[in-house]
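Peer 1: One-letter residues, chain by chain:
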Amino acid sequence: MATTEAPVRKREILEQAVIRFCGDSGDGMQITGSQFTNTAALFGNDLATFPDFPAEIRAPAGTLPGVSGFQVNFSSSDIYTPGDVVDVLIAMNPAALKMNIADLRPNGILIVNTDNFKEVDLKKAQIKVSPLEDHSLDGYRLFAVELTKLTRMALQELGLDAKSMDRCKNFFALGMCYWLYNRTMDATYKWLDDKFKGKPVLAEANKRAMRAGYAYCDATEAFQTSYEIPPAKLSPGVYRNMSGNTALALGFVAASQQAKLPLFLGSYPITPASDILHELSMFKEFGVVTFQAEDEIAAVTSAIGAAYGGSLALTTTSGPGMALKTEAIGLAIATELPLVICDIQRGGPSTGLPTKTEQADLLQALFGRNSEAPVPVLAASTPGDCFWVAVEACRIAVKYMVPVIVLSDGYLANGAEPWRIPTVDQLPKFPVTFRTEPEGFMPYARDPQTLARPWAVPGTAGLEHRIGGLEKQDVTGNVNYEPLNHEKMVRLRAAKVEAIVQDVPDLVPAGDPDGDLLLVGWGSTYGAITAALRAQREKGARIGHVHLRHLNPLPANMGEVMKRYKRVVVPEMNLGQLVWVLRAKYLVEAQGLNKVQGKPFMQHEIEAKIEEVLGEIR
Amino acid sequence: MATTEAPVRKREILEQAVIRFCGDSGDGMQITGSQFTNTAALFGNDLATFPDFPAEIRAPAGTLPGVSGFQVNFSSSDIYTPGDVVDVLIAMNPAALKMNIADLRPNGILIVNTDNFKEVDLKKAQIKVSPLEDHSLDGYRLFAVELTKLTRMALQELGLDAKSMDRCKNFFALGMCYWLYNRTMDATYKWLDDKFKGKPVLAEANKRAMRAGYAYCDATEAFQTSYEIPPAKLSPGVYRNMSGNTALALGFVAASQQAKLPLFLGSYPITPASDILHELSMFKEFGVVTFQAEDEIAAVTSAIGAAYGGSLALTTTSGPGMALKTEAIGLAIATELPLVICDIQRGGPSTGLPTKTEQADLLQALFGRNSEAPVPVLAASTPGDCFWVAVEACRIAVKYMVPVIVLSDGYLANGAEPWRIPTVDQLPKFPVTFRTEPEGFMPYARDPQTLARPWAVPGTAGLEHRIGGLEKQDVTGNVNYEPLNHEKMVRLRAAKVEAIVQDVPDLVPAGDPDGDLLLVGWGSTYGAITAALRAQREKGARIGHVHLRHLNPLPANMGEVMKRYKRVVVPEMNLGQLVWVLRAKYLVEAQGLNKVQGKPFMQHEIEAKIEEVLGEIR
Amino acid sequence: MTATLPVYSKKDFQTDQEVRWCPGCGDYAILSAVQSVFPELGIPREKFVVVSGIGCSSRFPYYMNTFGFHTIHGRAPAVATGLKVARPDLEVWIATGDGDALSIGGNHTIHMLRRNVGLKVLLFNNRIYGLTKGQYSPTSEMGKRAKSTPYGSVDRPFNVLSLALGAEATFVARSVDVFQPHLKATLKHAAAHRGTAFVEILQNCNIFNDRAWEHLTEKEVRDDQTIGLEHGQPLVFGKNRDKGIRMNGLDLEVVPLGNGISEKDLIVHDAGHPNPAYAFLLSRMDGRPGFPTPLGVLRAVDAPVYEDGMSEQLRQIIAKKGPGQLDQLLHAGDTWEVR
Amino acid sequence: MTATLPVYSKKDFQTDQEVRWCPGCGDYAILSAVQSVFPELGIPREKFVVVSGIGCSSRFPYYMNTFGFHTIHGRAPAVATGLKVARPDLEVWIATGDGDALSIGGNHTIHMLRRNVGLKVLLFNNRIYGLTKGQYSPTSEMGKRAKSTPYGSVDRPFNVLSLALGAEATFVARSVDVFQPHLKATLKHAAAHRGTAFVEILQNCNIFNDRAWEHLTEKEVRDDQTIGLEHGQPLVFGKNRDKGIRMNGLDLEVVPLGNGISEKDLIVHDAGHPNPAYAFLLSRMDGRPGFPTPLGVLRAVDAPVYEDGMSEQLRQIIAKKGPGQLDQLLHAGDTWEVR
Ligand SMILES: Cc1ncc(C[n+]2csc(CCOP(=O)(O)OP(=O)(O)O)c2C)c(N)n1
Ligand SMILES: Cc1ncc(C[n+]2csc(CCOP(=O)(O)OP(=O)(O)O)c2C)c(N)n1
Ligand code: SF4
Ligand code: SF4
Ligand SMILES: [Mg+2]
Ligand SMILES: [Mg+2]
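Residue numbers (the working numbering), protein chains in the order written: chain A, 1 to 618; chain B, 1 to 618; chain C, 1 to 339; chain D, 1 to 339.
Rather than coming from a laboratory, the hints here were simulated on the basis of the structure. Quantities reported herein were computed from a predicted structural model and do not represent experimental measurements. From the three backbone atoms N, C-alpha and C, an ideal C-beta is built for every residue, glycine too. Treat each hint with caution, since some may be false.
[Said to hold, decoys possible] Per label pair, the in silico range of CB-to-CB distance:
#1 D:His231 <-> A:Lys199: 31 to 41 Å
#2 B:Phe53 <-> C:Val19: 20 to 30 Å
#3 A:Val475 <-> D:Lys10: 46 to 56 Å
#4 B:Phe53 <-> D:Gly24: 14 to 24 Å
#5 D:Glu40 <-> A:Ala461: 13 to 23 Å
#6 A:Lys429 <-> D:His331: 15 to 25 Å
#7 D:His331 <-> A:Val508: 45 to 55 Å
#8 C:Lys10 <-> A:Ser136: 22 to 32 Å
#9 B:Ala144 <-> A:Ala461: 43 to 53 Å
#10 A:Gln502 <-> C:Gly24: 54 to 64 Å
#11 B:Lys195 <-> D:Ile261: 47 to 57 Å
#12 D:Ala319 <-> A:Lys199: 23 to 33 Å
#13 B:Gly198 <-> C:Thr4: 51 to 61 Å
So here's chain A without its partners, still in its complex pose (with noise of 0.2 Å):
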C-alpha cells in the first residue's frame, strides 16, 4: 500500500452521531470510547455516552457474556442521551456483532475485524453460520477489515510479540473512526504518552496502529465519505467531560472546602460505586481521609464516628450495601448528625446485575429503616449534575444536621458529558460553626428555623455530654422513654426533614407550563424525557416535564403543578417507585411508565408512551 495522495472524496456536515464500539472485554473497547469521548468534546461537541460492560467477572475471551460496549453520542446541538440507534458501529468479533447490531440504523456503517470471524470465533458466539455471509447484514453498509493483520503490518518494525500488537488493533479501529469524523489524534497522542510513560515503545505501539487505521480509510476506497460534526453552542465556559463518579467525588472535596470541615468517607468497595472511593482517595492534598472498611456498616458507621468528631462525613455504597447500611442511618437520624450517604444504584434484587443500572432504591431510601425514620433523599439527573447534588447534600446535612441519602445510578456514575466548570465564587458557600459556648449549652436544643440541634464536637471544653441511640428528651437529649416526648421527638425528627422544604425551588416545567400531560422524572432518565419532549412539543404536543431533584421533601408546588396537567405520567428504571409516593401523597392519578431491563430509556420509548396517552386524552 503506497502512500500516494488522498483521493477527493465526499465530506458531510451532519448535526449529529452515534459510533459504539463493542468487542470483548480484552479488546479495550472502554479506553477507545473514552478516547474518541474526550477528543470529541474538546473539539466543542455536546455529548453523552454509555459505557455497558460484563459483570465484574472476566468472561472467556470471544463469548457472548464478554462482549463489552462504549456508545458516544456527539452533536453540535444540545443533547441528551446517548442515541436510541447507532449511525456506526465497530464489531471486532462476532459476540459483539451479535449482541449490538439490532442497535444499528438501517444503511448505518459497521466495521467489522474480519480476522476474528474464524470458525472458532463463530462457535464462542455461538452462531452457526458467518453473518459476513448469510446476507444478514445486507441492510447495512458493511467494511470488513483486517483489522487484526493490518495492525500487526503496521507495527512490525517495533519488535513486539504478537500479544502485544494484537492489543493495539482498537487504535487501528480508532483511527479509522477519526478519520470518518475528521478529527485530530493530537489528545490521543497525548493520552498514550501519559499513560504509557515507563514503556515508549507501547505508546509508539498504539499511535502507529492508529495512524494506520487513519491512513486505511484515506489511502483506501474504503469510505466514500467522512463526516464533519460541528462544535455544539454550549453555554460560554470552560468544559471538561466528566463522569457522574468523578463529579461526585469532587463535588464532595468541593462542598468540604465550602464548609470548611475536612472530609472524611469510609466506604467498602462495590459496583458500581468503588470509582468515588478510588477518585478521592487521591485527593489527599485536601485533607480528604478515605477509610476502606471492613464491610459497610464499619463503612457507615465510621463516617458517623467522623461527623460525631466534625468532619464532613460521606459513605458511598450500591443497593446491597446500602441494605446493610439501614441499621446505622437510624443512628444518624437518632443522634441528628450530618452525614451524606450515597447510593450508587444498580440492577436487583439481591446481587442482581452489578454493573447493570437501575433506580429502583427510591423507596428503600425513603423507607428502608425501622421505626420513623425520614431523611432527605436527593437524585442527580445527569453525570455533571452529580456535582451539584454533593455539594447540595452536604449543605443541607450539615444545615439541619441530618442524614442526606443521595441516589445516582450506574449509567449516571459511568457515563459522561460535557461539563462547565464553575468558577470557586459560584458555588454555595456554608462555613460551618460548631458549639463552644458552654452556658446555656443543650445537646438537643434546637435552631427554630432548620430545627437543628447544635453539633458539638468533643475536645471542646465544657460541652461534655452523651449522645446514643435510645430516645432522648426534648432539649436535654437525656434518654427518655416518656409517652408525650416520644411522640414530639419522632414528630420533631420529621418536622425537620418537612422543613427543608424552604430550601427547595418551586418546580418550573420545562416545555408547557401546563397542558395535556406532565412527564414527573428523576435520576438518570433526565435525558432520555428532555429528548422526548423537545420531540413530542416540536410535533405539537402541549406537554411538559418536571425532573424532581428533591425526593424527599417534595418541592412545595408539587401538586399543584401536576394539577395543571390532563395526564402525569412518571417514567422510572423500576416498577413503579416515585409513582407510588406521588399518589400516595398527592392522590393524584399518575400512571408508570417502567422499564426494568438494567438498561436507560430509549428516547423513542418515552414518546411512544406519551402518544400512546395523548391518543387516550383525544
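Use these hints to put chains B, C and D with the ligands onto chain A, whose structure you have.
Peer 2: Same frame as chain A, but now just chains B, C and D with the ligands:
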C-alpha cells in the same frame, strides 16, 4: 389480729374490672399480674393484659425509670383491650404511684404500701410532699396499708431474713386482690409449688403472705364491698391463656408438623423478640433446631441455608435486627426459597424504646430492600392470633417458595388473652413434597398456578444445580444478564407475590357493611378499634371495621370495601404507614389516626376520632 | 458404603457453564484440584454442596457439578452453618476469598471456627479484591498501592492462619494454587477432618495482583522459602534439605543442619498437638527474615463438632420425652373448658 | 502540657445520671476504677470520649462526665475508628461487652486490632448477655444452660485473649472487676499504650450469671488460680508463691518451686516479646487443669498506629503538592473553553 368471723359485707356483681399492679422492677409486679390473670382466666373470664416494664436495664430501686406495671382487664363479656382506665391500682412505692395515678378512675380503689413512703423513697421518686398527706389523692378510695410490715409479721415464724420476707409482699397484695374479687388461690398455690420446687420454704412464705393479704381484707373492715365478675360466655372449647410470643412459637411448631418438615430457627436475641427463641429452644422433642447466631445477618442467612436444605426455616427479630437482615432477605427472594421472618416491632428509630410497642416497621417490611424485592407481609392482630398468622406464613412460604414477613409488636408479644386451643384437625395441612424427579428438572420452572419454582434439596441424586443472588435466566436458573430476561424475572417475582391474593379471603367488615366511616386497622390495634366500634355503634354510628391480616398482597376487595363508606380512617401506632399504602394503591382519601408513644391506643382515643369525623360529615 | 457408589471421574464434577475467570487466573488450578479430589472421596455426588459468598473465587460453585449456592458477600459460613446443622448428612464445602471471608465475612468465619461446624473451607488468598477490580484486602501487605490506596495502604494485614487459630480452629492448613499435588493432598486431609477444616490457598490474581506469591512459589526459591509440614516429621527445609527449625527459649530459630546439629534437635511436627500455641508459633514464621513459610497441615485435632452436639441433644431429648405431640404441646400449662 | 490542666478528682468524671445497673453488678467497680484513673492521666477532660455499643456494659458512657457516644450493637470499634482517624487528638475509649464486642461486633473488633487504631478497649466479660436478660454469649462455657439453651449450649467459647492475639493485637491485658488496684494499674498501662489497647475485664453479672468468675476471684483460691504477670518478673504464683511456669518442649508446664527448681528456671515475663506466640501461649493457660489464669499485661509492643499512618500520608502529600486548590482540581484534565 385474731381470727374471727368475717364481718358480713356487700358483694357486688360487675361486668368487668381493670386492675393495675405497679411498683419497682424488683417488686415482682409482672409475676403478680400474671398470677391474677391466670386465676381470672381459669375462672372463665375474658381478659386482656398489658405488661409495661422499663428498658431492659435495671434502674435503681425506687426511681421513676424503674417502675414496672401490669394491667389486666377481666370481664364476664367479650373484651378487647386492657382497658382505658383503671378500677383498682396497687402502687408499691411513690414512684409507681406518681407514674400511674393519672390512669385511675375517679373514686377508684387505690392500695398503697405506706411502708415505702419514707423521706428517702419520696426523694428517689422526685416527690417533695408525700401524696398521702397533700390531699392529692382525695378523689380516690385510698387504702394505705403497711404492706411490708404486715408481710413480715405473717412470715415471722419461717426464719427467713428480712430481704427474703420483703420479696413476698407482692403476694400480700395479690391476696388482697383475690379477696376483693372473690377468687380462689388454688392456681397460684400450684404455681408456687412448681416454681419453688427445691425451696419449699419460699413457696410457703409466698403462700402465707398471700393468705395474710386475703385475711387482712376479711378481718379488717378495709373494704366495705367485694366484687364478683362472672365467667364470660366464650365460645365453647378448651382455653388457655396465651401471649403473642408464645403463640408464635407454638404456631411455628404446629406449622412444621403440618408441613412435615423440621423447624429451624436462626435468631439473635433482641427485645421484645427473644422469647420466641427461648420458647422454641424448649421444643427439641419436636425436632426443632434453634441456632443462636452471632448476629442478625448470620441468623437470617443460616435460616436461608437451612431452607435450602429442606427445613421450614425461620428467623425472629425486632426493628434494628430487621434492618440488618434486609440484604439477606433479598437473597431469599432471588433464590426463591421459603423463609419466615418475624419482626416484633418496638419503638424507634435506632435503639429507640426497646421495651415499648410501635407499628412503624410496616414500610420497612414492604420496601426496605434494594431493588424490586416484594415479599408477602402478614400481621397478627391479637396475642392468640399470632398462632394463626405463624401457621399461615409458613403455609404461604412453602406453597409459593417465597420469604414471608410476619409483623407483631411489643404489645402483642407480652400481652395475653384467653385462647381457644384448636384441635390438630382444625389446622390446615400442607405437607411438602420436594422435587425428586431428575427428568425435565429445571430449577426455575414454575407451577402455573402459584408461580412457585420446585424445592430441590441437596442430597437428591440427579438434581445437582446451582443457585445464587445474581439474576437468573427464566426456567433454567442460569446466571443471565439479558435485558428482557431481567424485566421478565422482576415481573415474575412480583407476580408470584401478587398471586397469593388467591389465598387471601375477601374482607367482610365488622359492624355496618357500609355507611359513614370505615376503620381500617392492622396488627395490635385490633382490640382498641373493636371496642371503639362497638361503643360507637351502640351510640348509633353507622361504621365498619376491617382489620388486615394480609398487608401484601392486600385482599382483592380492599378498594371496593373502602368505597362503601364516606370516610376511611386508619389508626396506626406510627406516623401513617398503612394509610400511605392505601392512598397510593387505591387513590382513596384515607386519613390517619396516629399515636407514637410506645403505648397502645386507648379505646376513647379511637372513639374521639370517630366522633370527630362523623361530626364533620353531619 | 461405596458398594453402590458410581465410579466418578473428574468430568463428573465439571459443569457445562463457561468458566469466567481471567485467563491465567490461579482459580483454574484450584478448581481442577478440587474436581480431581472429589471423585476420590467415596461420597455420592449429590451429597456435595459448595457454598460461596461473592468474589471471583466465589464463582466456584458454578463450575462444580454438585449442588451449589452462590450466596451474598461474606455470608457463606453462616449459610453453610445453617445448612450443615439442618442437614448433617451433606458434605458442605465453602469457596471464599480473602475479602469475602476476612473482610466483610470475618465475623462469620471466626464463629464458624469457634463452633467447629463440619465444613471444609477453601480460602482463596490472592491478597486483593479481584472481582471489584483491585482494591487492597485485609491480607494485602502494608504500603500496598491499589485502586483505593494510590499512596499505599496503612493497614497491617491479618495472618490468616494465626487468625484462624486465635478463633479456636481445629484444622488449619495452607497450600498453593500452583502446587497441585500438595494442594490435592491437603484437600484430602481437609476432607477427612471432622469439624471445620480451614485451608488457606495462596492464589495468584494475574490481573490485579500478579506475582503476589512469587517469592514463595518460584522454582528457584520455593524450597528455601517454604517448608512442607508433615505430621511426625522433623521441620527440615531448604533446597538441599539442610536447614531446620528448633525451639530456642520462647521462640523458634532456624538452624543449619550439620556441624553437630541434626534432625534430632529439630521440632518434630505434631499437627495433633493439643495446644494451639504450637501451630500459632508455626504460623508466625510467615515473612520473618530467614524463616520459611509453612505449608501443609499446621493443626488437626479432634474437638466437639457443632452439628453433632445439636443432633445429639435432639436425640437425647426425644429419647427421654418421646417425639413431641402437637396436641399435648398446645394444651400445655393451665387450661379450662368452656361448654 | 499539664501546666494549665485543672486538677481533676474522681468527682469530675461522674455525671448526674442515675446509674442504672443492678445492685451488686460488677460494672460499678469498673466505673469506679475508670473514674479514679482518668483524673491521673494528665489529659483535659474534654479530650476524652467514651464510645460504646449496646449492652449493660455499653451504658458506661452515660456515667462518665466526658464526651460519650452510646452507639448501636457491636459497632463501637467502627464508630471509634472513624472518630479517632478524623480526630487523633482525642482520647477515645471503648466500653463493650462479650456479646457486643465478640458476637455481633466480632468483625469490627478484629479489624480494629489488626489496624492498631489508637483506642482503649474495655471488654466487660460476664460470659452472658445481660441486657437481653440472660442468653449465653460467645464466651460462655460449653454446656451453658441459659435462656436460649435450656438443655445446655453446644458452642465452644472464644478465648478472648487468644482471639485478640490472633488478630494482631499489640496490647492485650486482663483484669477483674473486684481486683481494684490491679484493675487501675492495668487501665493505666492501657492508657499509656499507643495503638489499640485491649483489656478484658472479668465482670460479674449477679443477676444472670452470678459467680461466673468465683473460681478465680474468691479470696481462698485466687492466688492459686490466677497469676499476675509483671514484665521482667518470673512466672511465679500460688498462695505461698511456690509454683512457677516454665517451658517444656513446645509447651508450658507448671512446676513447684524448691527441690532444685528455682525462679531461674522459670519464664521471665516479657510483655514486649516480638513474637505474639509467647503471649498466645500464656493465653492458653485459661481453664487448663493445674494452670493459673493469667492476669495483667500479656503483650505490649510497638507497631505502626493506624491514625498515625493516615495523618502522616496526608502531611507528606500536602508537603509535596501543597494544600489542594479547588479551582485547580475542578480544572484538572483536558478542558476547553466555549465563548
Ligand atoms: C454487600 C456487598 N458489598 C460489596 C460487594 C462488592 N464485592 C464483591 S466481591 C468483593 C471482594 C472480593 O474479594 P475477595 O473475596 O478477595 O475475592 P476475589 O475476587 O479476590 O476472589 C466485593 C467488595 C458485594 N457484592 N456485596
Ligand atoms: C442490632 C441489635 N441486635 C440485638 C440487640 C439486642 N441486644 C442488646 S445488648 C445485647 C447483648 C449484650 O450482651 P453483652 O455485650 O455481653 O453486654 P452485657 O449486657 O452482658 O454487659 C443484645 C443481644 C440490639 N440492641 N441490637
Ligand atoms: S480478577 Fe484476578 S482473581 Fe479474578 S478472575 Fe481475574 S485473575 Fe482471577
Ligand atoms: S443484668 Fe447483669 S450485667 Fe446487667 S446490670 Fe444487671 S448484674 Fe449487671
Ligand atoms: Mg481476593
Ligand atoms: Mg455480657
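Peer 1: Evaluate each hint against the coordinates.
Peer 2: Verification of the hints:
no., hint, in the structure
1, D:His231 <-> A:Lys199: 31 to 41 Å, "violated, 54 Å"
2, B:Phe53 <-> C:Val19: 20 to 30 Å, "violated, 58 Å"
3, A:Val475 <-> D:Lys10: 46 to 56 Å, "violated, 29 Å"
4, B:Phe53 <-> D:Gly24: 14 to 24 Å, "holds, 20 Å"
5, D:Glu40 <-> A:Ala461: 13 to 23 Å, "holds, 19 Å"
6, A:Lys429 <-> D:His331: 15 to 25 Å, "holds, 20 Å"
7, D:His331 <-> A:Val508: 45 to 55 Å, "violated, 31 Å"
8, C:Lys10 <-> A:Ser136: 22 to 32 Å, "violated, 40 Å"
9, B:Ala144 <-> A:Ala461: 43 to 53 Å, "holds, 51 Å"
10, A:Gln502 <-> C:Gly24: 54 to 64 Å, "holds, 59 Å"
11, B:Lys195 <-> D:Ile261: 47 to 57 Å, "holds, 55 Å"
12, D:Ala319 <-> A:Lys199: 23 to 33 Å, "holds, 30 Å"
13, B:Gly198 <-> C:Thr4: 51 to 61 Å, "holds, 55 Å"
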